[in-house]
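All chains should be built: construct the whole structure from the sequences, respecting the hints.
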Amino acid sequence: MSTTEDFYAGSSETSDGKVFTVSGQDWDEIAAGLGEDGGDAQERVVVNMGPQHPSTHGVLRLILELEGETVTEARCGIGYLHTGIEKNMEYRSWVQGTTFCTRMDYLSPFFNEMTYVLGVERLLDIEDDIPEKATVMRVLLMELNRISSHLVCIATGGMEIGALTVMTIGFRERELVLDLFELITGLRMNHAFIRPGGVAQDLPPGALDEIRSFIALMKKRLPEYAALCNANPIFKARLVDVGHLDLEGCLALGLTGPVLRSTGYPWDLRKTDPYCGYETYDFDVQTWDTADSYGRFRVRLNEMWESLKIIEQAADRLAKMEGEPVMVADKKIAWPSQLAIGSDGMGNSLDHIRHIMGESMEALIHHFKLVTEGFRVPAGQAYVPIESPRGELGAHVVSDGGTRPFRAHFRDPSFNNLQAMGVMSEGSMIADVIVAIASIDPVMGGVDR
Amino acid sequence: MTDEKKVGPAEAVEQPAVEQSPENVPAPTNEVRTIGERQGMFGVSGTGDTSGYGGLVAPVVYPAAAERPYGGWFDAVADGLDPLIDAVVLHRGEITFHISAGNLLAAVKLLRDDPKLRFELCAGVSGVHYPADTGREMHAVYSFLSMTFNRRIRVEVSVPDAAPTLPSICSVYPAADWHEREAFDMFGLVFEGHPALTRILMPDDWPGHPQRKDYPLGGIPVEYKGGTIPPPDQRRSYS
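If you read the protein sequences in the order shown, they are chains A and B.
Using this note's numbering, read the first sequence as starting at 15 and increasing by one per residue.
Using this note's numbering, read the second sequence as starting at 48 and increasing by one per residue.
Just so you know, the hints here were simulated from the structure itself, not pulled from any lab data.
For each residue, glycine too, the CB sits at the ideal point set by N, CA and C.
Hints may contain errors.
Where chain B lies over chain A, by a calculated footprint (3+ residues, C-beta under 8 Å) [unchecked claim]:
#: 1; region: 385-397
#: 2; region: 410-418
For the chain A half of the interface with chain B, some residues (derived, Cβ under 10 Å), not all of them [unchecked claim]:
#: 3; residue: Glu79
#: 4; residue: Tyr105
#: 5; residue: Ser107
#: 6; residue: Thr270
#: 7; residue: Trp281
#: 8; residue: Thr286
#: 9; residue: Glu406
#: 10; residue: His423
#: 11; residue: Asp426
#: 12; residue: Phe429
#: 13; residue: Asp462
Written as structure tokens, this is what we have:
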């Protein structure tokens with residue numbers, strides 16, 4: 015029974031023991047309260063951390079059983095950000111699906127779109143018909159996205175252990191990537207840019223120059239993270255040997271991505287099961303051999319360099335592809351119109367509107383059918399996993415031959431990897447729980463979907 | 048990793064679904080998986096349909112079971128699992144093993160422990176609800192990955208809606224823990240032997256299983272400038 019008055023969280027009766035509503039600087043009250051009724055302060059304490067704790071990467075609830083400051087048992091409560099995206103996708107056309115799934119893991123929108131679109135394209139059997147330029151643009155956007163996602167991981171991870179400079183410079187660089195996204199797709203987040211059959215729009219003029227100057231700038235700024243963190247004794251004291259999980263643990267719990275690679279196993283779907291022509295790019299899989307939070311930090315840092323290498327190569331290829339198509343040639347699948355800049359801002363291309371309204375009734379019918387009804391996808395199921403910044407991300411796409419997904423399930427790496435929270439943090443100090451979770455890099459939008 | 052190449056869509060024995068509607072299949076080679084039928088064309092029926100297309104009836108046909116040889120490494124995996132398999136479906140270069148609920152636990156133990164199979168990673172469980180697949184409405188679809196051989200397979204277990212129970216594979220692949228909880232939460236699939244089969248995404252006291260096809264999407268009509276737009280699941284849809 016609580017003895018504390020709190021305007022926001024009312025006291026509650028429970029049969030499991032005393033309940034304290036903790037709001038900071040009140041440990042004496044708890045210690046005194048535990049001593050009442052003949053109980054002693056050695057009693058086990060179960061602490062709910064979150065779901066609104068600043069150190070839990072969004073709305074993650076941690077249920078920690080403590081003995082002093084040592085965590086004896088740790089569990090996750092998730093679902094606070096469940097939005098029913100998978101169910102909603104069943105009521106929209108296949109193209110509209112990208113608009114929904116891009117919002118799942120909001121730090122890596124292009125990866126969500128990509129795995130869904132690859133699944134749809136496999137069911138449509140048009141995997142080999144995607145224009146080269148669209149594929150290169152997809153790779154370019156994904157690798158830019160990998161950098162922005164790793165930057166947020168390192169930035170928030172740094173903030174949680176008090177390294178505020180890492181946070182400010184991390185978000186500073188991420189903003190540069192988001193500016194590039196805005197230039198190319200029109201939006202900073204939630205792009206819905208990768209569509210079944212290609213991408214929504216060609217590169218705008220000047221984009222390649224911006225990308226090149228971004229690469230040049232990043233080559234100057236990435237060493238700052240290494241200088242701030244790599245050998246920093248405080249940083250290492252907080253991260254080294256924290257959140258340890260070896261290869262067997264990773265495989266048993268299905269962990270992939272930087273966590274798996276920090277055990278020294280070079281598993282990266284871009285190399286082992288290449289998609290989007292990744293086998294034609296020159297890059298290395300980054301590993302570390304410590305299997306701890308520090309190793310995961312170093313893997314992410316090194317992966318940003320590798321992504322820069324891929325972006326450079328993709329930009330070189332795009333420079334030679336000016337004017338090439340970015341959408342599949344099959345007019346039964348390709349989105350009928352392109353956007354153009356008009357006197358009142360961005361809108362439908364006037365040429366296209368003139369064509370369908372003034373020249374060809376068939377084109378109008380075709381446009382109407384594709385936009386309202388959409389295309390049909392042959393019945394079957396597909397699963398095309400890709401290497402997202404957090405590990406294996408895959409969409410299990412099921413079609414019944416209709417114009418809407420019969421079922422779209424996303425195997426989100428954050429959802430799977432968060433299962434390792436308990437085994438990473440039990441037996442450690444409560445402060446290490448935060449570091450361990452930050453090293454998994456869960457994004458609750460992806461976990462809860 | 049071995050030198051064995053992954054079988055792409057071109058090399059695998061492809062058996063596309065579109066030509067497999069019953070009247071197009073020349074001889075009863077295999078059972079064609081017809082699940083339900085689709086009626087009409089523009090989502091209009093009755094007197095509103097002036098096109099006549101509303102009377103169309105087309106079967107919904109899924110890719111049928113394949114026969115040996117499956118091609119590439121598919122046969123090696125099928126050999127390893129052989130007596131436990133009900134059917135094998137090849138589609139778009141991906142292989143699906145249909146396994147009955149009773150054989151599931153034995154099969155996944157083989158998948159993990161047999162040195163010729165070595166599927167180290169269970170990527171997850173995805174529930175699918177086929178209301179028209181009478182007697183086996185609820186499907187649990189597993190994805191397994193062998194990192195040693197770089198192979199990926201799908202295992203599908205179907206159970207009736209009336210008794211949606213199947214064994215939990217948590218004891219073999221601990222990674223399936225949350226995935227099975229999600230499939231229970233969303234579809235009502237009961238995984239027997241799961242250490243704590245509770246809801247995971249929906250609140251603990253939530254009624255029903257939201258991603259079943261008979262569970263409504265919900266939503267309210269939206270009014271805009273005098274017009275009313277119904278929620279997505281009540282709008283006209285193209286069948």
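Hint-by-hint comparison with the structure:
1. 385-397: holds (count 9)
2. 410-418: holds (count 7)
3. Glu79: 16 Å, violated
4. Tyr105: 4 Å, holds
5. Ser107: 8 Å, holds
6. Thr270: Holds - the Cβ of A:Thr270 comes within 10 Å of chain B, reaching about 8 Å at its closest.
7. Trp281: 6 Å, holds
8. Thr286: 6 Å, holds
9. Glu406: 6 Å, holds
10. His423: This hint holds: A:His423 lies near chain B, its Cβ roughly 4 Å from the closest one there, short of 10 Å.
11. Asp426: Constraint on A:Asp426 satisfied, holds at 9 Å.
12. Phe429: 6 Å, holds
13. Asp462: With a closest approach of 6 Å, the A:Asp462 hint holds.
In terms of the numbered hints stated before, the structure departs from hint 3 and from no other.
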